[in-house]
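Generate the whole structure from the sequences, applying the supplied hints.
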Amino acid sequence: MEKIRIYLKNTLSLLKLSILRWLLKRIFERLIPIRVV
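Counting from 1, one number per residue, gives the positions in the sequence shown under the working numbering.
Any given hint might turn out to be false.
Calculated lysine to any residue pairs in the SDA-like style (CA-CA distance at most 25 Å, straight line) [as the list claims (entries may be wrong)]:
id, residue 1, residue 2
1, Lys16, Arg26
2, Lys3, Leu17
3, Lys16, Ile6
4, Lys9, Glu29
5, Lys3, Leu15
6, Lys25, Leu12
7, Lys25, Asn10
8, Lys16, Glu2
9, Lys3, Ser18
In case anyone wonders, no lab produced these hints; they're calculated from the structure.
Only a predicted model underlies this, so the values are computations on that prediction, with no experimental measurement involved.
Quick look at the structure:
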């Protein structure tokens, strides 16, 4: 049971990290329109 709880906590933190990174990327793309030619 304890292992499962730790595993869940780890996955949740990973999810939060990825979502935060995605949000930051979106905001930066809004602020600095990257022109890919």
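- [ ] Compare the distance between the alpha carbons of Lys16 and Ile6 with 25 Å, and conclude whether the hinted pair is satisfied.
- [x] holds (15 Å)
Open item on the list: Holds or violated: Lys16 and Glu2, Cα atoms, limit 25 Å.
Closed with: Given pair Lys16, Glu2 holds - Cα atoms ~21 Å apart, limit 25 Å.
Open item on the list: Checking one constraint from the list: CA of Lys16 to CA of Arg26, max 25 Å. Satisfied?
Closed with: Distance ~15 Å between Lys16 and Arg26 Cα, so the pair holds.
Task: Agreement of Lys9 and Glu29 with the hint, judged by alpha carbon distance not exceeding 25 Å - done: Measuring from Cα to Cα gives roughly 30 Å; hence the hint is violated.
Open item on the list: Please verify whether Lys3 and Leu15 have alpha carbons no more than 25 Å apart.
Closed with: Holds, at about 18 Å.
Task: Given pair status - Leu12, Lys25, alpha carbons within 25 Å - done: holds (20 Å)
TODO: Starting from Lys3, check that the Cα of Ser18 is at most 25 Å away, please.
DONE: OK: Lys3 and Ser18 at ~23 Å, within 25 Å.
Task: Proposed proximity, Leu17 with Lys3 (alpha carbon, max 25 Å) - done: Given pair Lys3, Leu17 holds - Cα atoms ~21 Å apart, limit 25 Å.
Open item on the list: Can you confirm whether the C-alpha distance between Lys25 and Asn10 stays at or below 25 Å?
Closed with: It holds: about 23 Å lies between the C-alpha atoms, which stays within 25 Å.
Comparing the model with each numbered hint stated earlier shows that hint 4 is the single one that does not hold.
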